[in-house]
Every structure is written in structure tokens, then in C-alpha cells.
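Colleague: Residue numbers (this note's numbering), protein chains in the order written: chain E, 1 to 347; chain U, 1 to 217.
Everything labelled a hint here was simulated from the structure, so no lab data went into it. None of the values given here were measured: they were computed from a predicted structure. Glycine included, C-beta positions come from ideal geometry on N, C-alpha and C. Where hints are given, some of them may not hold.
[Unchecked claim] Below are the DSS-like pairs computed for lysine-lysine, each with C-alpha atoms no more than 30 Å apart in a straight line: (1) U:Lys-120 <-> E:Lys-154; (2) E:Lys-108 <-> U:Lys-120; (3) U:Lys-120 <-> U:Lys-52; (4) U:Lys-120 <-> U:Lys-40; (5) U:Lys-193 <-> E:Lys-154; (6) U:Lys-40 <-> U:Lys-52; (7) U:Lys-193 <-> U:Lys-40.
[Claimed, not checked] Stretch-level coverage of chain U by chain E, calculated; a stretch enters the list once three of its residues show a Cβ under 8 Å from a Cβ in chain E: (8) 188 to 198; (9) 203 to 215.
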Amino acid sequence: GPGAMSAPGAAAAGGGRSGTAADWGGFEDNMQGGGSAVIDMENMDDTSGSSFEDMGEMHQRMKEEEEEEEAEAEAGAAEEEDGEFLGMKGLRGQLGRQVADQMWQVGKRQASRAFSLYANIDILRPYFDVEPVQVRARLLESMIPVKMINFPQKIAGELYGPLMLVFTLVAILLHGMKTSDTIIREGTLMGTAIGTCFGYWLGVSSFIYFLAYLCNAQITMVQMLSLLGYGLFGHCITLFVTYNIHFHSLFYIFWLVVGGLSTLRMVAVLVSRTVGHTQRLILCGTLAALHMLFLLYLHFAYHKVVEGILDTLEGPNMPPFQRVARDIPVVSNAVLNTTAKAIALTL
Amino acid sequence: FPGLADVSISEDIPVEGEITVPVGSRSPDEDYSTLDEPVKDTIMRDLKAVGKKFIHVMYPKKSSTLLRDWDLWGPLVLCVSLALMLQGGSADSKDDGGPQFAEVFVIIWFGAVVITLNSKLLGGTISFFQSLCVLGYCILPLTMAMLVCRLVLLAGSGTVSFIIRLIIVVAMFGWSTLASTAFLADSQPPNRKALVVYPIFLFYFVISWMILTFTPQ
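Start from the sequences, fold in the hints, and give me the full structure.
Modeller: Shown next, in the form of C-alpha cells:
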């Protein structure tokens, strides 16, 4: 009956598995830590900028190796089956069943491995492996442009710092929107803030990564995300200060100095990793423009209107004056103030 | 049943032991015996568990009750009540309280999920739902702050009331952050506590900010 058949089948399958284990044993050794998806990043050379660093590529390569092994095993099993067929006919059914069983086991194991690989958050674990000291050091470094642009600069492929900076920017943006009484018609305040910040971080990173690919720059996606994320530190400082102290000239100073420093750092690192004048120009020009313009946009889109105008004028005439008030520097505010008062008095 | 003849326990292996399970809050044995009790008993038991956790949040000692028997009833109640109290604070009459309720709800749950993922990625030993439970329960001080703020705003909305509200919200924000840190930081490697505390700080800061800037219309 079926009970009698399964026992020798299982034994043969076990024997078969150990037979082909030699082929797969090498693969098992390649995976560090057994079934875990954590790969030791310390062994990788960070300055090479090669795509070997990319986790996705590594997994793809491992999967390809698996498929190769499976194809070999299949071919081996097919040959084995053919050989046996020429011999004892009675055993062919048994061997066929055994091979099918083996294939099922292999398929199931691969599927569960693939699932545990991609549904596992361990994939992201190497990118969060930082110490607080390192994060602080990198935050300060992000404001210091490097001098050596002929030697590829090291970029840490870390995602904790950039992620926290994006969330901090969201919080600061919320603060700015609330204090300026920004009214969002379609959507919510929180949604707009999160969408803006994450959209900038992910979108501009992808775009610059694409440009870097076109310009043959040595940088991976994670490194680009990390670089741009740390570049947002300057934005955070600027917005935090200028959302609370509303002097336009102060903002322009911060925009140039703080924004400029963080942009220069990102640009210098990118230049050190690119060859060729045109490519360097394209890449760095685009990044500098986008980064500085984003800071400008964040300030003017959500900035609180300068107080003086609001206090003197009340009523339905306000909105047009609000528009004007945002763009003029502090010096002429006083002039406008007194003029508006005079007009209000005459009305 | 000819097939069942094969399935039999060998007689040389004696089957012995006890079928009862050790007393715990989630054992199937308990479910069997609690199926026939009146609904009031079930509700009261759950309410008592939730109430006990509230007390643990208000006086954060290093106990593992919150962690061991996690439940999400308390966080749900707190989240809904906070979202309801934050209604009606929009400046424009066109966008009604609808988006704001969903906004608060999403911020709290999405923020808690992000903090949990972050602490797990940094090498934490706490499980997903335990962390959600702790973060949700530690919103209690901020909910109380919201209640007090609403009462203060009923009295008036001048500078004095703003200062009172500021002090209360800052105090409750500190309490929330300390309470959740007391529970969560233990599960981290010791040199990375700051990395876990910062997102929690940011999370409660955003909620406190929403409470502080709430102005009823």
C-alpha cells in the first residue's frame, strides 16, 4: 500500500539528497549565517562604487546560482532516470516519484527562502547598523565640503540618519505650516508635509542616480539616498531658524551659507566620483539647482506672512497685500507699513 | 475504517502526563472555561487589564506587565478619543472634521509602526505588537493634556491660557516620552538607546504640537 512505498522512497530521497548535497554544499557555504539574509557589509569595499555593493544585485546573483544548481540537479536527475530506465523497469516508477518528490522539496525550499529573503526586514538591517557617535559625526561632516576631488570620496551607505532627517524636516514643515495658517484645500497638512519631504528625498535621489548612471559616476542608489538625506540637514537648520525668526534677509543669508555649504559638500563628493568635465557639470549643476531651489520653495510656500501688514489691515482687501508682503525684503517693509497705515486712515 | 488500522500508537510507549496548561492569560483552557461566563465578567476582566496598564503608564516603574500581556484596546480608545477631541479646529469651514480625524489616526498608527520597525532594525529584542502596545498606551498623558487644554480654552483663549496650555502640554510630552523610554529602551543594546529615543521624541513632539495649536472654531 502507500505506507510501504513511502518509506523506501523517503530513504532513497534522503540518500539522493545527500548525493547531490555535494553540488549544493558549496552554495550553502556561500550564504553567511545559514538561512539569515544578513550579509556582513564590513567585507565590502566602500570606495569601489561597484554595483557589487548593491544588496539587490547580490540577491539576484544568489538566486541565479540557485537556479543554475537546480538546472544541474535536474539534468543530473534526468540522466539518472534515463540510465535506470534502460536497466530495471520496475524501479522507474519509484525513481520518478522520488525525483518528483525531490523537485517539490527543492521548489518549496526555494520559495520559502525567497519569501523569507524579501519579506524579511533583515534586508534593511545593515543600513541601520550605526552608533550615535557616527550619526553625529556624519551630520557635522555634511556641512563641510571636501577639498580632495581627485580621489573618490567615501560615502557611508546608511539609512538611519537620512530617514530621521526627513522625518525631522516633516515636523519642522508642519510647524511652519501651522504658524502660517496654510490652508490646504485638497488633502491634509500632514499628508502634504510627508509627501513633499519624502517625494523630494526619494524622487531627486532617483533622478540624480539616473543622471549618474548616464554620466558614468561611481555611486549606488543607497549611497545617493544617504548623501541627499544628509544634505537635508542644512535645510532642517535653515527652516527651523527662519520659521521662527521672520527676517527675509536672515533667510537669504542662511540660504546662501548653510544651504550652500551642504550643496557644496554633495557636489564635491559627486565630482570626486565622476570623470569628465561635461558629466561633472551636468550632474553637479542639476543637484545644486534642485537642492537650493527646494529650500527656497519650502521657505516661500509655507512661510508666515510678515506680521506688520496683518496687524494694520483687516478686511477683505487683505489677500492681495499678503502676496506682496512675502516677497519684499525687511527694509521696505517699514515703508509699506507706514504707507498702508496712511491709506487705511484715509479710507 | 481499514485505513485507520495503520494509525495507532504503539503499545509499548505509555502515554502519560497532564493535559492542563500552566495558568496564563492566553491559554485555550481558559477560553473553554470562560465561554459560559456572563458577558459582564469578560468585559470587566478586559477593562481591568486595560486599567492596570493605564496605571503602569502613569507611574512608570520598570515592570514588564505592559510588554508581557500586550493588547491594543487601550491604544485604540486613546487614539479615537484624541482624534475626536482634535476635531473642529480647522480655520476654513469648507474642510470639515473628516480629514482631521483620519489624519490623527494615521499619524499615530503610522508613526508607531515606523518607530517599531526602526527599533527592530537597530537590533531590538521587542516584538512588533509589544512595541505598538507600549507606544499606544503612552499617549495617555497627552490625551489628558488635550482634555485639560479644551477645558482651558472654554475659559478663554488669550496669552495666559496659551502659557498654561504650553506648560501642561510640555509636561505631558515629557511624561509620555519618559514613560515609553522606560519600557522600550531596555530592549535595545545599551549604546544605541539614543538612536531609538529620538524617533519616539519626534513622534510625541508632533502629537503635542497638534494638541498645542488646536484652536476651536
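Colleague: Give a verdict on every hint.
Modeller: Okay, the hints, checked on the actual structure:
no.: 1; hint: U:Lys-120 <-> E:Lys-154; verdict: holds, 27 Å
no.: 2; hint: E:Lys-108 <-> U:Lys-120; verdict: holds, 28 Å
no.: 3; hint: U:Lys-120 <-> U:Lys-52; verdict: holds, 27 Å
no.: 4; hint: U:Lys-120 <-> U:Lys-40; verdict: violated, 38 Å
no.: 5; hint: U:Lys-193 <-> E:Lys-154; verdict: holds, 27 Å
no.: 6; hint: U:Lys-40 <-> U:Lys-52; verdict: holds, 18 Å
no.: 7; hint: U:Lys-193 <-> U:Lys-40; verdict: violated, 42 Å
no.: 8; hint: 188 to 198; verdict: holds (count 5)
no.: 9; hint: 203 to 215; verdict: holds (count 4)
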